[in-house]
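Novice: Take a look at the letters that make up each chain.
There are 2 protein chains.
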Amino acid sequence: MIQDQVTVKELVERRDWPALRSRLASWPGSDIVELLEQLTPAERFIVFRLLPRPLASDVFSRLSSSEQDTILQGLTEEETRRLLADLTPDDRTHLFEEMPARVTRRLLQLLPPSDLDEARSLLGYPEESVGRLMTPNYVAVRANWTVERALQHIRVFGKSSETINRLYVLDESGRLIDDLELSRLVLAEPTERIERLIDGSFVSVSAFADREETVSLIRKYDLTVLPVVDSSGALLGIVTIDDVLDVEQQEITEDFHRVGSVSPIRVPLRDASVSVLYRGRVVWLLALVFMNIFSGAGIALFQDTIAAHVNLVFFLPLLTASAGNAGSQAATLMVRALATGDVHSRDWLMLLRKEVLVAGAMGLTMGAAVSGIGMLRGGPPISLVVALTMFLVVILGSLVGMALPFVLSQLKLDPAAASTPLVTSVADVSGVLIYLSIASRYL
Amino acid sequence: MIQDQVTVKELVERRDWPALRSRLASWPGSDIVELLEQLTPAERFIVFRLLPRPLASDVFSRLSSSEQDTILQGLTEEETRRLLADLTPDDRTHLFEEMPARVTRRLLQLLPPSDLDEARSLLGYPEESVGRLMTPNYVAVRANWTVERALQHIRVFGKSSETINRLYVLDESGRLIDDLELSRLVLAEPTERIERLIDGSFVSVSAFADREETVSLIRKYDLTVLPVVDSSGALLGIVTIDDVLDVEQQEITEDFHRVGSVSPIRVPLRDASVSVLYRGRVVWLLALVFMNIFSGAGIALFQDTIAAHVNLVFFLPLLTASAGNAGSQAATLMVRALATGDVHSRDWLMLLRKEVLVAGAMGLTMGAAVSGIGMLRGGPPISLVVALTMFLVVILGSLVGMALPFVLSQLKLDPAAASTPLVTSVADVSGVLIYLSIASRYL
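Chains as they are written, first to last, in the numbering used here: chain A, 194 to 636; chain B, 194 to 636.
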């Protein structure tokens, strides 16, 4: 594709729009998005308008919301109407969610009545719910149909469906009774009845469930599409894996951000404004300063010991940082394992036992390592104090780092909020206190 | 399912194996795995042996390698042979990769000659390559066939294929010329020729490529299955999205671990031994101690200043921690954005400019916040020194945190290795030096 892109960029530079239009018509949407990202805003708009109809909506749905906004501002009313009509219902919901309210109102007015009703009902589901992700474009069949009749039905109604790789078997009242892969239909005898092909075992999700639930279901049961039902079990729509994977990627990014003590930034980093970034970060920095005041207070408490042995200060950053590092290691391992489902709350005792052993071994190693440095810089008594402190703070830091994500998950809070800097700060404070109380006792 | 599981656990307790066998036969494999995790090893083995044939291999392929090993130890030769025969070729490769060499040798001897050849050729691809993930069970069709002939072909050969949602169009020499969704075939006229349905645009991957490449291709082009080709373009096999998602989850876990300064632990945390955890963590703890010795040395350099103003030490943890936190925030944002492709190397100048603004604003806020504390604890001169230092170290920490992942990615190294503690340590050292040099100059 790269080779091809070079010449396409030349076409853009030469402003050879007819040649460009025919070239791009056969490109996958995601490659066109990649091309657009490398163009100036003016060129981007021109190239977007060159795209033939179904492709344009595909490309549009892959753009960031700020780019979508820019493009919408330049389109005529008729062009906007056409673009909206080509978008799938779930992409439309996403667009209406992301655009400023003023723009969304204008866009809704451009929808034909049936699409407007659909859009309103989809937007009626709570934010972050499965309902906001789904599309009502699926193909349903009846249990008493033959395979042949089902295939005929698919030929008529399948073209407007988001996917027909999986079909849904409904009873008379629209309740979902099973799902069926298209491939099973193709492999079956044409005269076979659908009810002979199904086993009554299927996975569905409520439209009101948290959209994160789709991620775990799709992963757990290796699905590519998930049916969405209401409380009576009636089929409302389907959610496809590509949308679910986008949700998951966002959730993982939020976990990363929380672990790094940033309030989750929900827009791509490229598009995040200075003020969004500032607000997402400064809150945590300020909060953590207050934690560190306790470290400072700990130091103030032992001011006399420090004044008497100034070389104690040499080891202070080393000890607190090691405690913090051990803690952030433990927290990272635990946060991720809880997120992937590798460990469950019921495993905590087994994990605690293991952590005590790991932390003990690390404490011994680290204690031995710093005792040498202690010897060189302060003689035997300092060396002993430093080694003993190191042993204790590595164990303490590890246990805090391991326990905090568990406690949070028990409290139904996000374990990722046990962010590394939070654990580090707790480890810092206790490191200072342990170090200086041991020192003031033995020196 | 939960309701059902309760009674199933009762069946296990009552040792009512016949009832359990018939109950489990209709369960999805992943639910059975969940049940097994809650049983004792002895019960687990009994329940596993109750599973009917195709289900047993499905469940087996979802178990962790240590559990697979335990089960294999208990099975008879004939049972093992049957289990191996039911596994898909890619699951078999995975099993042979993970088992101890001694076990793998024994297992290979139980394969019939054709499966043995296949297994050997799949294991011939480099570790972590696409070849190790693929299965040769796909369905290929010819461009000059009619839709009807293709469907007949699928009915004969489709049952043993891993998926038939996507078919592959080959030329006479086995070279891949296009892919085709089963749904397009179903929607087309039976007399239509395949060549009329295809557009010659497809995405494929080399068997020798890094398996991470499958992740980005599947995500970018919204695929559920990806064809694997050799250097001449001949189709070798396919990789399905469930395997690709497992690879991705592992890669993300490794990124989390690196960010948390743990050498990636490749087994689930539950199964990781104390010694694996110890080795993965202590190396980094020791490496980071050496970074912190520089902080200590910085302090030693200014020992006289500290002795003269012991209350300077009060602010030391506060300042170094804030620098470190700002740095780890920036690093986290950047590492994740590089991993998702939200930012590219070419964006660095724009991001640097933004980071300078964000960091400047955060530095001002944090400086103002600590100047108050400085006033209370040390009077105007200390307050000024602390505020100025805070301003500078927050900016410095942020820029280091932002730059390190970029530099690493330019050097073709993993940006996640710019782990938070590494950035924190760099920020620590420079924090100490900046603080004490400002202090010794102005106090």
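These aren't lab readings, by the way, just hints derived from the structure by calculation.
Watch out, some of these pointers could steer you wrong.
One copy or any two copies: either way a pair holds, since identical chains are not told apart in the list.
To be verified - Listed next, the in silico DSSO-like pairs over lysine-lysine satisfying Cα-Cα at most 27 Å (straight line): (1) Lys605 - Lys547; (2) Lys202 - Lys413; (3) Lys413 - Lys352; (4) Lys413 - Lys605; (5) Lys352 - Lys202; (6) Lys352 - Lys605; (7) Lys352 - Lys547.
Novice: Hints numbered earlier in the text: which of these fail when held up against the supplied structure?
Specialist: 5, 6, 7
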